[in-house]
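Engineer: Going down the list, the protein sequences come from chains A and B.
Using the working numbering, the first residue of the first sequence is number 1, and each one after it goes up by one.
Using the working numbering, the first residue of the second sequence is number 1, and each one after it goes up by one.
Simulated from the structure, these hints should not be mistaken for laboratory data.
All C-beta atoms, glycine included, are put in the ideal place defined by N, C-alpha and C.
One or more hints might be untrue.
[Unchecked claim] Under 10 Å between C-beta atoms, here's a sample of chain B residues computed to sit facing chain A:
id, residue
1, I10
2, I12
3, A204
4, A205
5, L207
6, P215
7, L349
8, G418
9, I465
10, G474
11, F481
The primary structure of each chain is shown beneath.
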Amino acid sequence: MRIFANPNYNFIKWRWHALILSVAIIWTGVAMMYLRGGLPLGVDFSGGTTMVVQFAKPTSEDVVRKALDPVSADKVVQKYGPAAQNEIMIRLPMMKGQEEGTNLEAGVNQVTEALNAANVGSFTIPSKELVGPVVGADLKQKGIYATLFALAGILVYVAFRFRFTFALGAIVAAFHDILITLVFLSWFHYELSLNIIAAILTITGYSVNDTIVVFDRVRENQRLMRREPLDQIVNKSVNQTLGRTVITSGCTLLAVLALFLFGGEVLRGFAFTMLVGVITGTYSTVFIAAAIAIILSRRPPSQAAVPAQVRAKRA
Amino acid sequence: MYKNLRWKLIVIAAITLLAVWLFSPPKQKIRLGLDLQGGVHLVLKVQTDDALRVETETTSEQFHEALKSAKVDVASVKPVDLTTFAVEGVPPGSDQQFRQIADEQVGQSFDRDTVNGNYTFKMKPNIEKARRDEAVAQAIQTIERRVNELGVSEPIISPYGSAGDEIMVELPGLQDVAHAKEIIRNTALLELKLVEGGPMSDQAALLQPYNGTKPDDMDVVPGVSDVAGGAPVYYLVHHTAAITGRDLRNAKQTLDENNAPAVGFTLNSEGIAKFTRVTEANVGRQLAIVLDGRVQSAPVIEGRIAQADARITGHFTNQEASDLALILRSGALPASLTYLEQREVGPTLGADSIKAGVAASLIGLSAVTLFMLFYYRLAGINAFVSVALNLVILLGFMAYLGAVMTLPGVAGFILTIGMGVDSNVLIFERIREELLTNKGVRQALAAGFDRVFITIVDTHVSSLIAAAFLFQFGTGPIRGFATTLFFGLISNVFTAVFVSRTLFEFILSRKPAGATQLSI
Chain A
1 MRIFANPNYN
11 FIKWRWHALI
21 LSVAIIWTGV
31 AMMYLRGGLP
41 LGVDFSGGTT
51 MVVQFAKPTS
61 EDVVRKALDP
71 VSADKVVQKY
81 GPAAQNEIMI
91 RLPMMKGQEE
101 GTNLEAGVNQ
111 VTEALNAANV
121 GSFTIPSKEL
131 VGPVVGADLK
141 QKGIYATLFA
151 LAGILVYVAF
161 RFRFTFALGA
171 IVAAFHDILI
181 TLVFLSWFHY
191 ELSLNIIAAI
201 LTITGYSVND
211 TIVVFDRVRE
221 NQRLMRREPL
231 DQIVNKSVNQ
241 TLGRTVITSG
251 CTLLAVLALF
261 LFGGEVLRGF
271 AFTMLVGVIT
281 GTYSTVFIAA
291 AIAIILSRRP
301 PSQAAVPAQV
311 RAKRA
Chain B
1 MYKNLRWKLI
11 VIAAITLLAV
21 WLFSPPKQKI
31 RLGLDLQGGV
41 HLVLKVQTDD
51 ALRVETETTS
61 EQFHEALKSA
71 KVDVASVKPV
81 DLTTFAVEGV
91 PPGSDQQFRQ
101 IADEQVGQSF
111 DRDTVNGNYT
121 FKMKPNIEKA
131 RRDEAVAQAI
141 QTIERRVNEL
151 GVSEPIISPY
161 GSAGDEIMVE
171 LPGLQDVAHA
181 KEIIRNTALL
191 ELKLVEGGPM
201 SDQAALLQPY
211 NGTKPDDMDV
221 VPGVSDVAGG
231 APVYYLVHHT
241 AAITGRDLRN
251 AKQTLDENNA
261 PAVGFTLNSE
271 GIAKFTRVTE
281 ANVGRQLAIV
291 LDGRVQSAPV
301 IEGRIAQADA
311 RITGHFTNQE
321 ASDLALILRS
331 GALPASLTYL
341 EQREVGPTLG
351 ADSIKAGVAA
361 SLIGLSAVTL
371 FMLFYYRLAG
381 INAFVSVALN
391 LVILLGFMAY
401 LGAVMTLPGV
411 AGFILTIGMG
421 VDSNVLIFER
431 IREELLTNKG
441 VRQALAAGFD
451 RVFITIVDTH
461 VSSLIAAAFL
471 FQFGTGPIRG
481 FATTLFFGLI
491 SNVFTAVFVS
501 RTLFEFILSR
511 KPAGATQLSI
């Protein structure tokens with residue numbers, strides 16, 4: 001069995017449409033994020049308290065929210081995990097004691113007191129994350145560094161193996177995927193945590209991976225079809241690798257979907273990020289990376305298009 | 001043809017067995033992160049300023065003593081800030097002698113500066129750094145001893161972060177976090193000081209004999225009242241301690257003469273010598289036992305004591321007494337600690353996460369396998385074998401390196417499945433393409449693997465670069481993920497290229513030469 005037995009779609013023709021669509025999504029998404037006051041940062045980066053409270057009997061979010069009104073106006077109260085567990089996640093911004101570094105557990109203590117006072121029945125706190133201001137800032141900086149250095153490393157490698165415009169195409173596509181993913185995360189109210197940063201970096205790798213497969217084929221075809229213009233070669237390469245692109249993405253999607261549906265509450269944000277990333281990564285491989293590479297290398301393809309060391313190796 | 005086939009199969013079998021041997025039994029060999037087994041992760045900051053302040057204070061005091069005994073009569077020796085102390089009023093006639101004593105006593109670690117006959121001494125930058133580093137190293141050792149005494153299994157205590165003054169403490173499976181946090185953080189500075197006045201309920205009354213001003217070499221210290229919950233009392237004690245926690249050899253929970261919980265401690269030989277000297281010279285006076293700046297009790301010295309054992313009393317509960325003994329045994333912290341970060345996962349939550357993670361992995365693997373079998377027929381088995389082997393080798397790597405399996409690590413496993421499948425799909429698609437050009441099966445296989453090898457190298461190297469940076473700059477969960485990703489990539493090159501190819505060759509070796517059919 002074979003899908004896309006002999007595909008010959010004209011992807012390159014659609015490159016401007018694709019670019020406009022992507023820019024539109026990113027633009028509205030970023031505008032929305034801006035209106036909401038920036039990306040929602042989880043405690044890992046903003047500092048503060050996240051805790052999961054497990055109640056002995058079913059307790060609604062509204063009851064908990066009301067009970068916590070005196071604690072903080074800026075709290076998030078959400079159902080957590082399967083309904084039968086009666087778990088509720090509470091997130092608080094940085095409290096006074098935490099800010100000063102005198103009492104990291106200030107938030108937890110106040111929540112415990114408020115819940116006791118509100119008479120909501122007995123409860124336990126199976127998990128809590130308390131992050132002080134210094135650590136939050138530190139983690140934020142490290143997250144950004146990790147992403148930028150990883151991208152720079154990939155840029156250098158791709159530029160070395162292919163050519164600079166291709167490397168730029170791959171990096172633009174990767175940035176595109178990161179932005180689209182961030183937009184979707186914000187639309188679906190996921191907060192940026194360390195786990196989600198890890199997922200974003202993974203889709204960066206995945207996106208570049210996908211792009212390299214196509215570029216690799218372009219490099220091979222450039223030697224076979226020397227007289228063809230670059231956009232024809234690129235289009236042919238995208239078509240030739242289309243079966244692989246779709247099957248691989250499909251398989252990864254299956255694995256990630258399993259993670260999203262059955263991986264439990266802690267991995268849900270991670271899996272959601274991967275889900276979005278795999279889809280946009282595939283889309284950007286087909287429509288964005290190649291388009292950027294072509295737009296940037298607007299000159300007739302010649303032998304110089306293939307780096308010398310590659311030619312020597314293949315000879 | 002394929003004469004090396006037997007050897008290749010042997011290599012694959014050997015590597016598989018080695019990996020399995022490395023990680024079995026998995027329950028012991030694969031270490032689980034706190035998010036999976038439950039426990040608490042803490043990040044503390046060592047207030048290294050404290051250590052510098054103490055260093056500057058003691059140095060200035062010792063210097064003052066040395067000046068006194070050399071009869072160089074200066075007006076004052078006072079710490080100015082963390083790393084500086086000032087000497088004022090050096091008599092012009094003794095200037096030469098003063099400088100000589102200064103060079104001998106503090107010249108090694110302090111820089112001298114002079115303005116109008118007044119001197120300032122500033123700690124040298126390299127000494128300051130060394131003292132800060134020492135404070136952190138010493139804090140780590142102390143915390144290690146305390147945590148071990150608490151009986152936590154496999155704790156991790158290590159320097160953390162780039163600032164150089166943070167410590168990470170991970171305690172798996174711990175139940176009473178609040179208690180552990182208190183034990184870790186307690187400074188436990190024990191000092192025995194001679195009492196000059198008190199106990200009195202009024203601070204001003206204490207200073208009456210000195211016309212209301214506190215003498216430089218004495219301190220007013222609050223004390224524990226004789227009756228539990230009574231009004232606070234104050235003592236006037238010598239600033240310099242006769243005995244400190246460093247002179248201790250051991251401490252344990254015991255009972256006082258009223259059978260109330262108390263802490264008994266044993267002095268080391270140096271401590272005994274000091275104790276003998278002090279008790280001999282001060283019979284009839286009170287010796288205060290000061291803990292973290294609070295007088296616990298102030299017994300009267302009945303006579304010269306040349307023994308090693310003493311006791312701290314003062315309204316302890318059993319728990320308090322045993323905690324105090326533990327802390328004293330493990331030594332004092334060189335500086336105070338503050339908590340920066342705390343993450344707690346209950347053990348049941350961790351177990352749920354493992355179940356969910358493993359279930360998701362198995363479901364994902366089965367779905368992908370079914371698809372591959374359907375789409376690539378017998379070659380799908382090939383893909384399954386190489387992906388499964390990839391996971392086995394990855395587990396072996398993890399066990400060998402002692403890497404910790406975290407929840408994001410589980411996600412890394414799932415991603416490894418994805419990459420393994422990707423490599424196989426790349427190869428299979430290429431083989432199909434080559435078969436379409438009517439090459440023989442053998443040539444198609446060879447061409448498929450050879451061409452795709454370059455692609456696989458490119459994709460893997462770029463992912464390895466990303467994983468390396470993730471590990472370098474990432475923290476906690478990101479690192480766990482980067483580790484699995486990194487070794488998953490490496491073993492994937494082996495399984496997707498070498499193992500998969502060998503399997504194809506094995507299949508071909510059972511077919512007549514020049515076969516044109518391949519189940520792919």
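Engineer: Each hint should be assessed against the structure and marked as holding or not.
Structural biologist: Comparing the hints with the structure gives:
1. I10: At about 31 Å, which exceeds the 10 Å cut-off, the nearest Cβ of chain A leaves the hint on I10 of chain B violated.
2. I12: violated, 23 Å
3. A204: violated, 30 Å
4. A205: Not OK, violated: A205 of chain B not within 10 Å of chain A, min 32 Å.
5. L207: Violated - the Cβ of L207 of chain B stays beyond 10 Å from chain A, reaching only about 31 Å at its closest.
6. P215: violated, 33 Å
7. L349: holds, 5 Å
8. G418: holds, 4 Å
9. I465: holds, 4 Å
10. G474: holds, 5 Å
11. F481: holds, 4 Å
In terms of the numbered hints stated before, the structure departs from hints 1, 2, 3, 4, 5 and 6, listed from lowest to highest.
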